[in-house]
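Going down the list, the protein sequences come from chains A and B.
If you use the numbering used here, the first sequence closes out at 244, no skipped numbers anywhere.
If you use the numbering used here, the second sequence closes out at 268, no skipped numbers anywhere.
Hints may be right or wrong, so weigh each one.
[To be verified] A partial selection of chain B residues facing chain A, derived with a Cβ cut-off under 8 Å:
{"#": "1", "residue": "I22"}
{"#": "2", "residue": "V24"}
{"#": "3", "residue": "F26"}
{"#": "4", "residue": "P35"}
{"#": "5", "residue": "V48"}
{"#": "6", "residue": "A62"}
{"#": "7", "residue": "Y96"}
{"#": "8", "residue": "F98"}
{"#": "9", "residue": "V116"}
{"#": "10", "residue": "T179"}
{"#": "11", "residue": "S193"}
{"#": "12", "residue": "V197"}
{"#": "13", "residue": "A225"}
Since the hints were made in silico from the structure, they are not lab data.
These numbers come from a predicted model, not from an experiment.
Think of the CB as a built atom: it goes at the ideal place given N, C-alpha and C, for glycine as much as any other residue.
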Amino acid sequence: MGKSVKKFLMLVVDALRDMLPIVLVIGFFQLVVLQQPFPNLSDVVIGLVFVVLGLALFIRGLEMGLFPIGEAMADALAKKGSLTALLGFAFCLGFGTTAAEPALIAVAAEAADVASIAGAIGKDEESRNSYAFGLRFTVALSVGAALVLGVFRILKGWPIQYLIIGGYILVIVITVFAPEEIVGIAYDSGGVTTSTITVPLVTALGVGLAGAIRGRNPMIDGFGLIAFASLLPMIFVMIYGMVY
Amino acid sequence: MIWDIISTGMSTVLDVLPIVVILVGFQFVVIRRMPPNPQRMAVGFLYVLFGLTLFLVGLEQALFPLGRTMASQLTAPEFTGSVEGIINWRDYMWVYVFAFAIGFATTVAEPSLIAVAIKAEEISGGALNATGLRLAVAFGVAVGVSLGAYRIVSGTPLPYYIMAGYVVVIFQTMRASKTIIPLAYDSGGVTTSTVTVPVVAALGLGLASAIPGRSPLIDGFGLIAFASVFPIMSVLGYAMLADNYQKRKKQASTDAAKKQDVEERKSS
Numbered sequence: 001m002g003k004s005v006k007k008f009l010m011l012v013v014d015a016l017r018d019m020l021p022i023v024l025v026i027g028f029f030q031l032v033v034l035q036q037p038f039p040n041l042s043d044v045v046i047g048l049v050f051v052v053l054g055l056a057l058f059i060r061g062l063e064m065g066l067f068p069i070g071e072a073m074a075d076a077l078a079k080k081g082s083l084t085a086l087l088g089f090a091f092c093l094g095f096g097t098t099a100a101e102p103a104l105i106a107v108a109a110e111a112a113d114v115a116s117i118a119g120a121i122g123k124d125e126e127s128r129n130s131y132a133f134g135l136r137f138t139v140a141l142s143v144g145a146a147l148v149l150g151v152f153r154i155l156k157g158w159p160i161q162y163l164i165i166g167g168y169i170l171v172i173v174i175t176v177f178a179p180e181e182i183v184g185i186a187y188d189s190g191g192v193t194t195s196t197i198t199v200p201l202v203t204a205l206g207v208g209l210a211g212a213i214r215g216r217n218p219m220i221d222g223f224g225l226i227a228f229a230s231l232l233p234m235i236f237v238m239i240y241g242m243v244y
Numbered sequence: 001m002i003w004d005i006i007s008t009g010m011s012t013v014l015d016v017l018p019i020v021v022i023l024v025g026f027q028f029v030v031i032r033r034m035p036p037n038p039q040r041m042a043v044g045f046l047y048v049l050f051g052l053t054l055f056l057v058g059l060e061q062a063l064f065p066l067g068r069t070m071a072s073q074l075t076a077p078e079f080t081g082s083v084e085g086i087i088n089w090r091d092y093m094w095v096y097v098f099a100f101a102i103g104f105a106t107t108v109a110e111p112s113l114i115a116v117a118i119k120a121e122e123i124s125g126g127a128l129n130a131t132g133l134r135l136a137v138a139f140g141v142a143v144g145v146s147l148g149a150y151r152i153v154s155g156t157p158l159p160y161y162i163m164a165g166y167v168v169v170i171f172q173t174m175r176a177s178k179t180i181i182p183l184a185y186d187s188g189g190v191t192t193s194t195v196t197v198p199v200v201a202a203l204g205l206g207l208a209s210a211i212p213g214r215s216p217l218i219d220g221f222g223l224i225a226f227a228s229v230f231p232i233m234s235v236l237g238y239a240m241l242a243d244n245y246q247k248r249k250k251q252a253s254t255d256a257a258k259k260q261d262v263e264e265r266k267s268s
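Can you make the complete structure from the sequences, with help from the hints?
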């Protein structure tokens, strides 16, 4: 018991160190540049205590739960030897976690506003809603497809750079043809799809798979799933903007 | 306060519900074999949920409101002192400094980046330092966000910057060691998450609405894209520097050994 308390205290110290830059930056700009006092200082202090404890708990849970879960699933699916089951799992994980992502819901709603101002869709609420829903579905589909492609790459041991650079070239080509107002949203949607809980799970999945398959190096083959999950949405969203 | 915790907790649970359904579904339907230590995993999962909830409530309580108002105060004409109708990119110096500093600071605190860095250090057997990796990513985000802020002020088209970024990444990839490439590509995606997105997006929207002639809906987007491309460059660059340093150190130690060898032979 004493050992785990000590370990948690070390995590709290780490979390304090991690949060220090934000506190310094906001404090400096508030007091020195903008020259305003802190409003409700006690709220800020209580909030910071929450942030530090929360971060320490999250990291502890990561090592106890999320990493082992991802690795155990990867290991069990690799041992089962069914390609369909493995790729099905990858697709469900990508699609399921993205469709419900709050950041994506917000971005999709804003994108619908942009499209309706630009005149690409009608001004009424219904057409905006259906546009936003279609966009969310597209991004979720693209993340599902990305994880399938990424897992397939791990199985085959293909070098990642050719696939990603090929993807970049595709992004550049499609940008030329896509409507101007969708480009910014498409580029951003690559970044917002990967949430704080999905990233550790997906990382553990890739690393676990590369570890379970003979001849694969976890460092070279295990990472890279997230890279696909941030590249494919850009391509899919621009195509959505062109087709819609 | 307690109400905040409950409502944020509920929405976190709703977020992870699809994940739980998929994990449990595949566990029972496809795998049909218990993983080792299921209780410990379940407790860990609960820690993650509760920890993330506390983290988000605390951020919303302590830092996000200030960060958001700061973004709009720093871009307001009263602060920048810019004359109506004339946009001079030099008036926004503090905005670029703020963009750099807040991009760096929020990335250092990003939980998903901490997760990936821990994993990378573990797998590389300690050859890759978790803190070094995180600082490299944070530096990339800092440069990216401040350049993105300059882009909104100057009104230059987003695709040019991103394409130029891709070209640099392609050249770096050709020279980089094979082990760092996948990790570098991943770091572009993980940086933009819980802590960075709200503050950086607020900065983009604040800038675009404060500057005449910019539309918040069109020009406000794109900062996240900067924050996803630049870390790839900085991580590849960091790995190259670390490699050179290691080589030089090795070279120096073999040189020293040779010298000693020669001297020993001389004396005998």
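To see whether the hints hold, each was checked on the structure:
1. I22: Holds, about 5 Å.
2. V24: Violated: closest Cβ of chain A sits about 11 Å from B/V24, beyond 8 Å.
3. F26: 5 Å, holds
4. P35: 4 Å, holds
5. V48: 4 Å, holds
6. A62: 3 Å, holds
7. Y96: Where the cut-off is 8 Å and the nearest Cβ of chain A is about 13 Å from B/Y96, the hint is violated.
8. F98: 6 Å, holds
9. V116: Since chain A brings a Cβ to about 6 Å from B/V116, closer than 8 Å, the hint holds.
10. T179: 5 Å, holds
11. S193: This hint holds: B/S193 lies near chain A, its Cβ roughly 5 Å from the closest one there, short of 8 Å.
12. V197: 6 Å, holds
13. A225: With a minimum Cβ separation of about 4 Å from chain A (threshold 8 Å), the hint on B/A225 holds.
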